[in-house]
Amino acid sequence: MFRNQYDTDVTTWSPAGRLFQVEYAMEAVKQGSAAIGLRSKTHVVLACVNKSNSELSSHQKKIFKADDHIGVAIAGLTADGRVLSRYMRSECINYSYSYESPLPVGRLVVQLADKAQVCTQRSWKRPYGVGLLVAGLDESGAHLYYNCPSGNYFEYQAFAIGSRSQAAKTYLERKFESFSSSSRENLLKDALFAIRETLQGERLTSSICTVAVLGVGEAFQILDQKTVQALIDAFEIAGEEAPAAEGDAPAPDLGAAEPGPAADQGPPAQPDIAPMDI
Amino acid sequence: MFRNQYDTDVTTWSPAGRLFQVEYAMEAVKQGSAAIGLRSKTHVVLACVNKSNSELSSHQKKIFKADDHIGVAIAGLTADGRVLSRYMRSECINYSYSYESPLPVGRLVVQLADKAQVCTQRSWKRPYGVGLLVAGLDESGAHLYYNCPSGNYFEYQAFAIGSRSQAAKTYLERKFESFSSSSRENLLKDALFAIRETLQGERLTSSICTVAVLGVGEAFQILDQKTVQALIDAFEIAGEEAPAAEGDAPAPDLGAAEPGPAADQGPPAQPDIAPMDI
Amino acid sequence: MFRNQYDTDVTTWSPAGRLFQVEYAMEAVKQGSAAIGLRSKTHVVLACVNKSNSELSSHQKKIFKADDHIGVAIAGLTADGRVLSRYMRSECINYSYSYESPLPVGRLVVQLADKAQVCTQRSWKRPYGVGLLVAGLDESGAHLYYNCPSGNYFEYQAFAIGSRSQAAKTYLERKFESFSSSSRENLLKDALFAIRETLQGERLTSSICTVAVLGVGEAFQILDQKTVQALIDAFEIAGEEAPAAEGDAPAPDLGAAEPGPAADQGPPAQPDIAPMDI
Amino acid sequence: MFRNQYDTDVTTWSPAGRLFQVEYAMEAVKQGSAAIGLRSKTHVVLACVNKSNSELSSHQKKIFKADDHIGVAIAGLTADGRVLSRYMRSECINYSYSYESPLPVGRLVVQLADKAQVCTQRSWKRPYGVGLLVAGLDESGAHLYYNCPSGNYFEYQAFAIGSRSQAAKTYLERKFESFSSSSRENLLKDALFAIRETLQGERLTSSICTVAVLGVGEAFQILDQKTVQALIDAFEIAGEEAPAAEGDAPAPDLGAAEPGPAADQGPPAQPDIAPMDI
Amino acid sequence: MFRNQYDTDVTTWSPAGRLFQVEYAMEAVKQGSAAIGLRSKTHVVLACVNKSNSELSSHQKKIFKADDHIGVAIAGLTADGRVLSRYMRSECINYSYSYESPLPVGRLVVQLADKAQVCTQRSWKRPYGVGLLVAGLDESGAHLYYNCPSGNYFEYQAFAIGSRSQAAKTYLERKFESFSSSSRENLLKDALFAIRETLQGERLTSSICTVAVLGVGEAFQILDQKTVQALIDAFEIAGEEAPAAEGDAPAPDLGAAEPGPAADQGPPAQPDIAPMDI
Amino acid sequence: MFRNQYDTDVTTWSPAGRLFQVEYAMEAVKQGSAAIGLRSKTHVVLACVNKSNSELSSHQKKIFKADDHIGVAIAGLTADGRVLSRYMRSECINYSYSYESPLPVGRLVVQLADKAQVCTQRSWKRPYGVGLLVAGLDESGAHLYYNCPSGNYFEYQAFAIGSRSQAAKTYLERKFESFSSSSRENLLKDALFAIRETLQGERLTSSICTVAVLGVGEAFQILDQKTVQALIDAFEIAGEEAPAAEGDAPAPDLGAAEPGPAADQGPPAQPDIAPMDI
Amino acid sequence: MFRNQYDTDVTTWSPAGRLFQVEYAMEAVKQGSAAIGLRSKTHVVLACVNKSNSELSSHQKKIFKADDHIGVAIAGLTADGRVLSRYMRSECINYSYSYESPLPVGRLVVQLADKAQVCTQRSWKRPYGVGLLVAGLDESGAHLYYNCPSGNYFEYQAFAIGSRSQAAKTYLERKFESFSSSSRENLLKDALFAIRETLQGERLTSSICTVAVLGVGEAFQILDQKTVQALIDAFEIAGEEAPAAEGDAPAPDLGAAEPGPAADQGPPAQPDIAPMDI
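Protein chains in written order, with my numbering: chain A, 1 to 278; chain B, 279 to 556; chain C, 557 to 834; chain D, 835 to 1112; chain E, 1113 to 1390; chain F, 1391 to 1668; chain G, 1669 to 1946.
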């Protein structure tokens, strides 16, 4: 009934000093399927949940390699994420061509953030609807950044974004103190456990998640499905699932409250498919 | 009565993080006549339903050849589809002229998707209103992609889009496990069966469908009507039709619910003709 | 009372995936005076109804020559049609100057369609309000195309557009099977009969119609009024008119229902004159 | 109460396929003081009614010479008309400079019409608010065209535009069959009689009309006031006036109904002065 | 209550063919302090009323010299008038530099009018809010033009614009027949009498008016205050004032009705100061 | 309740010929802290009231030097004033570089006014929200101008702008006849007395005002605080304050009525701080 | 219910001469976490409160080094602040490259302010949503400036901005008289005490604040966490906290009233996280 006159134009401030269109774009990140990242001193692991439109299709690719030392996992509008990850790739190539050394991670992250900020200050554009977890390794060590539609970025020890990411965040917060000195294996294990937390009782298999790793002496690589399944089996993660799901039972309610500050008046979302992201 | 203030401008986010204008453009794909695609390791088959304005006209062309190794079937706004398919053709020519080798399929699909993404982030444009099933064959094998108005793309084993495509999808899901090792003939047979599923009791004849095939040692070609009729007759597809239509009887209801998340308040569509697509 | 918020901007999709502004532009074609086209293997005939503002003026020209092998008849906004037909003329000249051969008909039709499509995807333009029947003859034979404001085009054996064209279409559908092998004379006869169907009891004379013909060994020409009257007399078309008009008596009602999906709330059209087209 | 949402933007189609802004610009022509034109095989005569703001001013110039062989009379927005007539002048000069021959009349008329059409298809412009009667003489004979704000043009034997032009049109329709072979003198006489019809009982004098003539061997010239008065006296036109005015008595009522399809809700026009045209 | 939807955008036509924004700009001329002009065969006199913001300031300059043979008096938005008068000055300089002869008056007036017309046909501009009385002398004699915000211009024997100009116009109409052969002195006398008519009982002194003269053998000059006072005294104009003011008593009422076709709903104008013009 | 539809766009005229957005920008000048100027034949003095955000900050600079012979005091939006004063500085430098002589004051004032006028005629800009008192000395003597957001400028003997400037204007009007032949000292004294009038009972000290002087043989300089305090003490201005404040008691009411023609419906201004100007 | 029509567009003035969009952007500064600055004759200290999204992330960086002699602390939209601080860095580099001397602080501050002013005068941009405390040292001594979204800047002895900054301002006002001659240590101590005032009972530790110092002979440096903790311990600041929090008990209420002039009608802010700033 009360129409908010400050929330349809990205260049309009609300009386309380907020940019609603930017906040709404951040909601798009929450609607995407979950992505997580965590790092030790030497390694970074990214993982994400794959949702398929149907049995007929492979899943949308949500983890991308930018260079041997940089990779990214996205949540939100996949098309926006793909465009930004290709920008990252081309920046990496240009830099190493010009300077004959790899592009420092922090520098790329700032460039990404500036690209996003511009979209929050022009009336004929819209903020990007995607969050990016950037994993990188350079002379200053292993890094994990989160780039947000607002043009902000943050450095994290571990982080989770996207749908039902709260459960994963809780898991990571409980464990993060050990990550810094964690082995590659343990990072992978924790990544898979964190991903499982977002599944709401669904059984974790290699077909519904993608895992990538980057480390000292190890270029960024997306693990093949067999390797991932072997890890799941080795860690006996899937087996723990059913009780864990029970323990998480109240989580869905919390998740249901999460979708956004206000229900849209538009056509209802189809329950089984996120409209622009899978 | 309640006006949705977030759904008329492609650069406006809704409070829940959705871009309604992009979703509405995806509805245009659902309104187009059906198109399907399926692939084995060596072949890809595209097929679509032809609807004619009247006896006087030939049907609108909805399957296009981009190059010897790439073809596309569209559903939705035909004019948008034609513009995009010509873009594909010209990219193929330019690439083979510059590199003296065929343009890799995945690369063209990404370029197409980026072209679509740009139209979702400029206030003075509109998202394309067409879905494209891209069939291709390159060094990495046979491919089938679906490019969506949102700027997303997906790789599929088999897929169906457009009006009443749900029945075809159900058929393809039941069968898809065998497609990978299927012969060229069986792919064609399944394509025709899938197309028949979308016809709601109408008899399948070569005049109401177009079929194209691409495979190892076989450039993309649209089969002539005689060949298609011969296949229909050989597979005895048309004959099975009547009972199949009965089995599908409840499908129309389901189809009737499908048209869109909300009925427009505008002038009613004329029942016998889709306004911009045939 | 219920305002349609999706139908004033050409770049706005409706929730059901329609572009109302494009559909409204297609209504402008229906408001124009009728034009028809039909073809045999060797000839194409175009014809249209001329309406004069008053006794004092000659009628608006609605059939244009683009080149010796291409001509066009329009219905709808005459100014838009003139601008497009001049575009056709200049494309023909440029092509034959560059390649020393006539521009293939299908190629010109696609260029025309693309020009129209662009106007459906820019917020500061409007779709053209004119339909074009393009007659052409090239190495692949005689052609008849219909170019629509939506950016679509269709190939036809015979077609009629504009005000009260339904009666002509019915006539053409009854006869079209014979057109393919029809003689030049018979095509002209059928064209005049079809035109007469759109007149609602008015007597057909050479002063209220224009007829053009294009064929093997015969450059596109608009027949002079005397020749047309001679044909009318020879075929005794005008004489059959009165009873035909009676038989068509219910047609006006049908025609009255035709004008558009919704009555405008604006000032009423003056009954005796279509505002921008005669 | 019911607001027409389709009539404020020149690039918005109404549901019935009309462009209201173009039609409203055509209303501006009807509000201007009357202009008439008529032609024989060898001569064209233009005439218009002059209205003065006050005794203090000369009247606005409404007949312009474009070249020795082309002249124009306008009705509607005088400023728009002046800009367009200067465009005509400059096109004539450029053509004769380049080709050393006079610009064909029909060609100039098409260029004018295209200039007007562009203003009906750009959201940041407005259609011209002026009608132009173009008189010309070239190798193909004497011509009279009417160029309309819609971008249309028409060739006429005789025509009248502007305020109360219906009475002049009626006069011209009664007489036009003789115009073709009329002498220069008779054309002038009919022009003055036609102008008198638009005066609603006012006495015709040389001070309230302008007359121009163009013919074989006679460059376009605007007759001086003395010559015009001599013609009025010679033809005894002014003397017939009073009874004619009586015969025209019902015309004002008809004229009063003429102003436009809908009364504006804006401030009322001041009765004694047309706001932008005199 | 009834909102006029056609009067906020300069490129929107009303249903009756009017451009309200242009008419509203013409209202701004009526709000400015009065300016008058009159001419004989050899001389032109311009005069205007000066209103001061306060005792502390000199009055705004409202008569400008463009060249030795051209001057201008303005009424309305002073800033717009100043910009246009500087344009006139620069055109005069450029012309005499290029052609070594003075710019013909009529030509400058047309250029001015065209500059104003452009502002009535672009959605991102506004019509100028100023009227200009242009006095000039060239080979064709002495001229007085009025340039209006609409892009129109008129040639006058004598004219008055601005606030309460009706009384001055009445005076000029009573006398204008003698102006043509008037002496320089008598023109000045009539100018001062006409100015006095606009004062509503205020005493005419040299401090509240500016007078300029241009004539054969006399470059355009603004008379100094002493000369003006001497004229006032010589003609005994000020002395006649009181009774004249009485005779004008009903005029203020008439003047009060004059301000505009509709009262604005905005904040009331402060009675003692015209907001943008003095 | 009644919404004014003519006052949100700078390019929209109201029916009565007003530009409300320009008038509203003029209100911003009234909201700024007061500035005054006065001149004799040889000197110009500028003074303004300084308001500090808090004890912690120095006050905003509101008097600027443009060149040795030109200075400016501003009231209104400080940021706009700073941008314009830097424009003045750069124009002065460029002129003296090109012509090796100081830029005439009147010429700079016109350039400033034109810069302001442009902002009143473009839909994508806004009028400047600042008034400028320009003090200058050149071959034609000492000058004081007021440049207004409307693009107007005025020459003054003495003037006051900004919050509660009415009291200062009253003081200046009572005294101005003596200014012309005033000594430098007396000008300074009157400047300080005028400033005190705007203080509403607050005690005048050197910390709450800035004073600048320019004269024959004396480049524009802002007096240091010590000098100003010495003047205040010498003239015993501060001591007269308390009774003066009583005499001014009704002034605040008058001042309270002054803020603007209409109260905004927006959030209330915080009483202790003008939002964009201090 | 009453909609403010003047507060959604940065180029629209309110009737009272305010630019609401600029004021709203200033609210964004108030929503950011607190930043403070203070200076002696030789040193400047900046400090800010760090808020972390979660345990998993490091805090957002809010103090930046522009050059050895210039640093900046921000409050408000972090992305805008980062973009502006990088602009500062690049200006410093360019200047010292061109002139081989450090960029004067005041000059950089003016450039920053002009960059902000431009964003308040273009309809397609928005004002920056960030306040900047600029610390600098140059030949004219140590400086502390505050740059505001309005394009204004102020020089301060000490200042605090952002959420709950009022308590810090009160502290600084009580002490500021001693700052000018304060030692480096005492400045640091006062900075930490002022920061503690903004914490509302939270214990001050080095992990929740950042401190930077710049002085004669000491390049701008951000102190490492260990150094900061040592200072906190040395000054026994944290220990005083609990009672101070009690003394501040009413402050939260005051703080709660602070957020803005009007509550937004949009979705409520999540209490534990400022949407675009941490």
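The hints are simulated quantities; they were obtained by calculation from the structure and are not laboratory data. For glycine and all other residues, C-beta sits at the position ideal for the given N, C-alpha and C. Take these hints with a grain of salt, some might be off.
Quick list of the computed label-pair ranges, beta carbon to beta carbon [as the list claims (entries may be wrong)]:
{"#": "1", "chain 1": "F", "residue 1": "N1394", "chain 2": "G", "residue 2": "W1792", "range": "44 to 54 Å"}
{"#": "2", "chain 1": "G", "residue 1": "R1790", "chain 2": "E", "residue 2": "A1346", "range": "33 to 43 Å"}
{"#": "3", "chain 1": "F", "residue 1": "R1497", "chain 2": "G", "residue 2": "W1792", "range": "50 to 60 Å"}
DMTMM-like mimics (lysine to aspartate or glutamate), calculated; alpha carbons at most 25 Å apart, straight line [what the hints assert, rightly or not]:
{"#": "4", "chain 1": "C", "residue 1": "K681", "chain 2": "D", "residue 2": "D843"}
{"#": "5", "chain 1": "A", "residue 1": "K51", "chain 2": "B", "residue 2": "D287"}
{"#": "6", "chain 1": "A", "residue 1": "K41", "chain 2": "G", "residue 2": "E1759"}
{"#": "7", "chain 1": "G", "residue 1": "K1857", "chain 2": "G", "residue 2": "D1736"}
{"#": "8", "chain 1": "D", "residue 1": "K875", "chain 2": "D", "residue 2": "E1011"}
{"#": "9", "chain 1": "D", "residue 1": "K1060", "chain 2": "D", "residue 2": "D843"}
{"#": "10", "chain 1": "B", "residue 1": "K339", "chain 2": "C", "residue 2": "E647"}
{"#": "11", "chain 1": "B", "residue 1": "K339", "chain 2": "C", "residue 2": "E741"}
{"#": "12", "chain 1": "F", "residue 1": "K1565", "chain 2": "E", "residue 2": "E1167"}
{"#": "13", "chain 1": "C", "residue 1": "K597", "chain 2": "C", "residue 2": "D694"}
{"#": "14", "chain 1": "G", "residue 1": "K1843", "chain 2": "F", "residue 2": "D1458"}
{"#": "15", "chain 1": "G", "residue 1": "K1729", "chain 2": "A", "residue 2": "E202"}
{"#": "16", "chain 1": "F", "residue 1": "K1431", "chain 2": "F", "residue 2": "D1399"}
{"#": "17", "chain 1": "F", "residue 1": "K1451", "chain 2": "G", "residue 2": "E1759"}
{"#": "18", "chain 1": "A", "residue 1": "K125", "chain 2": "G", "residue 2": "D1806"}
{"#": "19", "chain 1": "G", "residue 1": "K1783", "chain 2": "A", "residue 2": "E155"}
{"#": "20", "chain 1": "D", "residue 1": "K899", "chain 2": "E", "residue 2": "D1250"}
{"#": "21", "chain 1": "A", "residue 1": "K125", "chain 2": "B", "residue 2": "E451"}
{"#": "22", "chain 1": "C", "residue 1": "K617", "chain 2": "C", "residue 2": "D789"}
{"#": "23", "chain 1": "F", "residue 1": "K1451", "chain 2": "G", "residue 2": "D1892"}
{"#": "24", "chain 1": "G", "residue 1": "K1783", "chain 2": "A", "residue 2": "D114"}
{"#": "25", "chain 1": "A", "residue 1": "K41", "chain 2": "A", "residue 2": "E177"}
{"#": "26", "chain 1": "G", "residue 1": "K1729", "chain 2": "A", "residue 2": "E55"}
{"#": "27", "chain 1": "G", "residue 1": "K1894", "chain 2": "A", "residue 2": "D114"}
{"#": "28", "chain 1": "B", "residue 1": "K393", "chain 2": "B", "residue 2": "D287"}
{"#": "29", "chain 1": "C", "residue 1": "K671", "chain 2": "D", "residue 2": "D901"}
{"#": "30", "chain 1": "G", "residue 1": "K1719", "chain 2": "A", "residue 2": "D9"}
{"#": "31", "chain 1": "G", "residue 1": "K1733", "chain 2": "G", "residue 2": "D1806"}
{"#": "32", "chain 1": "G", "residue 1": "K1729", "chain 2": "A", "residue 2": "E100"}
{"#": "33", "chain 1": "E", "residue 1": "K1287", "chain 2": "D", "residue 2": "E1011"}
Worksheet item: Does K125/A pair with D1806/G here, judged by a C-alpha cut-off of 25 Å?
Response: 41 Å, violated
Discussion item. Would the hint linking K41/A and E177/A be met if the CA-CA limit is 25 Å?
Written reply: Holds: K41/A and E177/A sit about 12 Å apart, inside 25 Å.
Worksheet item: Is 50 to 60 Å right for how far apart the beta carbons of R1497/F and W1792/G are?
Response: This hint is violated: roughly 33 Å between Cβ atoms.
Worksheet item: Is the Cα-Cα distance between K875/D and E1011/D 25 Å or less?
Response: With Cα atoms ~12 Å apart, K875/D and E1011/D stay inside 25 Å; holds.
Discussion item. Would the hint linking K339/B and E741/C be met if the CA-CA limit is 25 Å?
Written reply: 32 Å, violated
Worksheet item: Holds or violated: are the alpha carbons of K1783/G and E155/A at most 25 Å from each other?
Response: Violated: K1783/G and E155/A sit about 29 Å apart, past 25 Å.
Worksheet item: Is K1729/G within 25 Å of E202/A, Cα to Cα?
Response: 39 Å, violated
Worksheet item: Is the straight-line distance between the alpha-carbon of K125/A and that of E451/B 25 Å or less?
Response: Distance of about 40 Å is beyond 25 Å: violated.
Worksheet entry | Pairwise hint evaluation, E1011/D against K1287/E, where the allowed Cα distance is 25 Å at most | 50 Å, violated
Discussion item. Please verify whether K617/C and D789/C have alpha carbons no more than 25 Å apart.
Written reply: 24 Å, holds
Worksheet item: Within a Cα-Cα threshold of 25 Å, do K1060/D and D843/D meet the stated pairing?
Response: 47 Å, violated
Worksheet item: Does the alpha-carbon distance linking K41/A and E1759/G stay inside the 25 Å limit?
Response: 36 Å, violated
Checked against the numbered hints given earlier, this structure breaks hints 1, 2, 3, 5, 6, 9, 11, 14, 15, 16, 18, 19, 21, 23, 26, 27, 29, 30, 32 and 33; the rest are met.
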